[in-house]
Amino acid sequence: MAMTATAGRAHADPHHIGVVIEHPGPAPKRTVTAYGFWVFLLSDIVMFSCFFAAYAVLSGQTAGGPKGSEIFEQRNVAIETVCLLLSSFTCGMASIAADVRNRFWFYLGMTVTCVLGLIFLVIEFREFSDLVARGYGPSRSAFLSSFFSLVGCHGLHVSAGILWLLTMMAQVFAKGFRADVLRRMMCFALFWHALDIVWVGVFSVVYLLGSGV
Amino acid sequence: MLGKLDWSAIPFDQPIPLIAGAIVLVAILAVLIWVVAKGHLPYLWHEWITSVDHKRIGVMYILLASVMLLRGGSDAIMMRIQQAVAYQSQGFLPPEHYNQIFSAHGTIMIFFVAMPFVIGLMNLIVPLQLGVRDVAFPTLNSVGFWLTATGALLVNLSLVVGEFARTGWLAFPPLSQLSYSPGVGVDYYAWSLQISGVGTLVAGINLVTTVLKLRTKGMNYLRMPMFCWTTLASNLLIVAAFPILTATLAMLLLDRYLGFHFFTNEAGGNVMMFMNLIWAWGHPEVYILVLPAFGIFSEVVSTFSGKPLFGYRSMVLATMAICVISFMVWLHHFFTMGAGPDVNAIFGIASMIIAVPTGVKIYNWLFTMYGGRIRFATPMLWAVGFMVTFIIGGLTGVLVAVPPADFMLHNSMFLVAHFHNVIIGGVLFGAFAGFEYWFPKAFGFRLDERWGKAAFWFTFLGFYVTFLPLYIAGMLGMTRRLQHYDVAAWRPWMFVAAFGVLILSIGVICQIMQIVVSIRNREALRDRTGDPWDGRSLEWATSSPPPVFNFAFYPDVRGEDAYWDMKASAQQQSLEHEPPEYRDIEMPRNSPTGFICAFFATIMGFALIWHIWWMVILGGIGAFATFVVFAWRDHDEYVIPADEVAAIDRVNLEERRGLVSMAGTI
Chain A
1 MAMTATAGRA HADPHHIGVV IEHPGPAPKR TVTAYGFWVF LLSDIVMFSC FFAAYAVLSG
61 QTAGGPKGSE IFEQRNVAIE TVCLLLSSFT CGMASIAADV RNRFWFYLGM TVTCVLGLIF
121 LVIEFREFSD LVARGYGPSR SAFLSSFFSL VGCHGLHVSA GILWLLTMMA QVFAKGFRAD
181 VLRRMMCFAL FWHALDIVWV GVFSVVYLLG SGV
Chain B
214 MLGKLDWSAI PFDQPIPLIA GAIVLVAILA VLIWVVAKGH LPYLWHEWIT SVDHKRIGVM
274 YILLASVMLL RGGSDAIMMR IQQAVAYQSQ GFLPPEHYNQ IFSAHGTIMI FFVAMPFVIG
334 LMNLIVPLQL GVRDVAFPTL NSVGFWLTAT GALLVNLSLV VGEFARTGWL AFPPLSQLSY
394 SPGVGVDYYA WSLQISGVGT LVAGINLVTT VLKLRTKGMN YLRMPMFCWT TLASNLLIVA
454 AFPILTATLA MLLLDRYLGF HFFTNEAGGN VMMFMNLIWA WGHPEVYILV LPAFGIFSEV
514 VSTFSGKPLF GYRSMVLATM AICVISFMVW LHHFFTMGAG PDVNAIFGIA SMIIAVPTGV
574 KIYNWLFTMY GGRIRFATPM LWAVGFMVTF IIGGLTGVLV AVPPADFMLH NSMFLVAHFH
634 NVIIGGVLFG AFAGFEYWFP KAFGFRLDER WGKAAFWFTF LGFYVTFLPL YIAGMLGMTR
694 RLQHYDVAAW RPWMFVAAFG VLILSIGVIC QIMQIVVSIR NREALRDRTG DPWDGRSLEW
754 ATSSPPPVFN FAFYPDVRGE DAYWDMKASA QQQSLEHEPP EYRDIEMPRN SPTGFICAFF
814 ATIMGFALIW HIWWMVILGG IGAFATFVVF AWRDHDEYVI PADEVAAIDR VNLEERRGLV
874 SMAGTI
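These protein sequences, in sequence, are chains A and B.
According to our numbering, the residues represented by the first sequence are 1 to 213, in order.
According to our numbering, the residues represented by the second sequence are 214 to 879, in order.
Hints are computed from structural coordinates only; laboratory data are not their basis.
Backbone N, C-alpha and C fix where the C-beta goes; we use that ideal spot for every residue, glycine too.
Keep in mind that the hints are not guaranteed to be accurate.
[Stated by the list, open to error] Derived pair list, reagent style DSSO-like, types lysine-lysine, alpha-carbon separation capped at 30 Å:
{"no.": "1", "chain 1": "A", "residue 1": "K175", "chain 2": "A", "residue 2": "K29"}
{"no.": "2", "chain 1": "B", "residue 1": "K520", "chain 2": "B", "residue 2": "K430"}
{"no.": "3", "chain 1": "A", "residue 1": "K29", "chain 2": "B", "residue 2": "K520"}
{"no.": "4", "chain 1": "B", "residue 1": "K520", "chain 2": "B", "residue 2": "K666"}
{"no.": "5", "chain 1": "A", "residue 1": "K175", "chain 2": "B", "residue 2": "K426"}
{"no.": "6", "chain 1": "B", "residue 1": "K430", "chain 2": "A", "residue 2": "K29"}
{"no.": "7", "chain 1": "B", "residue 1": "K520", "chain 2": "B", "residue 2": "K426"}
[To be verified] Partial pick of chain A residues on the chain B-facing surface, computed with a CB cut under 10 Å:
{"no.": "8", "residue": "G60"}
{"no.": "9", "residue": "S129"}
{"no.": "10", "residue": "L131"}
{"no.": "11", "residue": "A133"}
{"no.": "12", "residue": "Y136"}
[What the hints assert, rightly or not] To spell it out: a stretch of chain A is covered by chain B in this simulated footprint if at least three of its residues, at any positions, have a beta carbon under 8 Å from a beta carbon of chain B; those stretches are:
{"no.": "13", "segment": "22-29"}
{"no.": "14", "segment": "203-210"}
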């Protein structure tokens, strides 16, 4: 726009602090999408923190039922953790492959991520069904309610993540590495890594602390 | 096959909900028939229902809020009449119905009136004030609106199919647990809030990203209009607080549906955890509502005083201080529930501290008016009415923030009067001020001033006649939510309050008349320049209503009060001398994703409430499929050619020419 610079500049620094950094204008779409998704992830972590808080409040309320140390199996949890951490690595590989537009490594990375995620889910499902079969279901005590909800909420997120992962693979297959597909891939990667971070919290607060008591 | 749903869900024996439901149904059918018969359906579908234009979505939010205001208002009228007549008698509402009414009144007024009204105004105005063409995520914006509408639909469905919660608007356990509330009322409550809560979260993420990442050239943080700042603060609170509501209601639902023990009396459940969680959301929620209203008043007071906002930076600081402190006061909602004197003292002090930034704001508005050339147009009346009313509400708030005083006033009518004083006097007056102020921007013609002023005075007066008696009744020991009572001393005050509701209703009628009259006289009230109030921020720099792309060029901002500066230095004129080079503009394409998503969410919510599991799965698959289909489309933008942009923009520049040259001389 043609404007006389001198007329406007008088107002640029109304409080005379001496520094005027002009805002460059709207951010590019990729930045906006990633930023919005970060904000969503923060809100999701707030939701998780409520379940963490509930677990912290209720973890001692066993109502005569089992304590954490009586039902947690560290070997299974170790395998779960390895699977999930490894899947974050392979997800990162898939992201890099997407950035360099390499279909083979993209599909490979996503497939391994998917398999690792599924292994995690199967182990978790077996842990849950085993507990229920022993009569230690979520309605047994407040402790078990909060345990099933916190771990289950994470599991639900992983399940949704796998659904998303498969959709992303299908999108790349059908549409190729289009700009909007790449943006979604970036969001998916952020989501998957965030689930890893939440799992580190679950692992520490629920399984590590719980095994000692 | 249909879960818990059968014919007994329809209250054939209760005339009030049945007749009300029938009237609403007939009204909806009549509107639908009119729309179809007149051939407006394609227009409605293409231009509104599937629209991803932030202005259209904002208008739809406000429309939803206005309709729900009538519903919540009818509940209020029934409650006031009930308490006026139910002295040593049962009145006309049986207890189980009365309890549903006060629960629905609170739920609807907060979630489906106040929330959509402020979110609608933010949607409508914030991108314009920031000088950009849309919000960060236009399609998600539409999804958010339609999910909010789904929640409202489910709450209103409970009027005729089944029942609503009888637990109050926050459904405290153990009353809201299955053992004490076995019906579907609490499920209606919880699922509609879960669904609309997702919609609110989406709106929050969208607006935070818009304010932080989409601003025009030179729109530094400390040049944003106050409304953008309060929008930022309010939506940060949405992002931080609404997940707490989602988690809390999820726990309550797990208790009810799957026999979990989060908030039960047995097996180690902890009822106080519900209080802490729900108020950790609930207190920020009141600031989510009132901060945008503060922003509206800032714009209105500054515009109608013809002065820049006094103490702009202190206003920004106060807004962000409220944003942070609002998370540190939640316990004052249950001082009486045994937290002990130390904890109570800390939260009492925190609650009093939050009055300080609010006081800063009041003084800033007063000093903005001081020495200004004040025009008492309708928006300004609402702003001044707010200042007077809100101070009273704030003072009674500081009073109940003192724990020993709160022990006397907890759950009394005094409290009811207090929060209506701040919500009506703050949020609703703010919403009305914003409505009057920005209506010309949205529709291209002003609202009738005579009816607007009448609406203000009746509402203002009606508010005091209704709620000051409730303070007194509370002082006389009357507790809230009484279906009937035997204390003679309360009765006169209940009569006065019922009379006050009558005055308030006249205010509402004036408001409706104002819209009707204004639409009829729209040619005389037409705003051709796009700047009917001699405004200061960028929304007035474009035509009314703005073109779909808002601005032909991203405005170049050089200071606070961006548009005022442009007018003062007559930059628009220099723009006319050298014909600008118009370029093609890309805009997001409309999409039915939001509407279809909400359709499936409605099915899913209804099925969950009535335990119709196959329908839940169907709804879930439908919603997921909708998203995949949306993700699959190849063209999500369309291009408005430069010629068309030029043609639209030149008309507005022509109309504005006289205005700009005039502003330059003042």
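Violations among the numbered hints: 3, 9, 10, 11, 12 and 14
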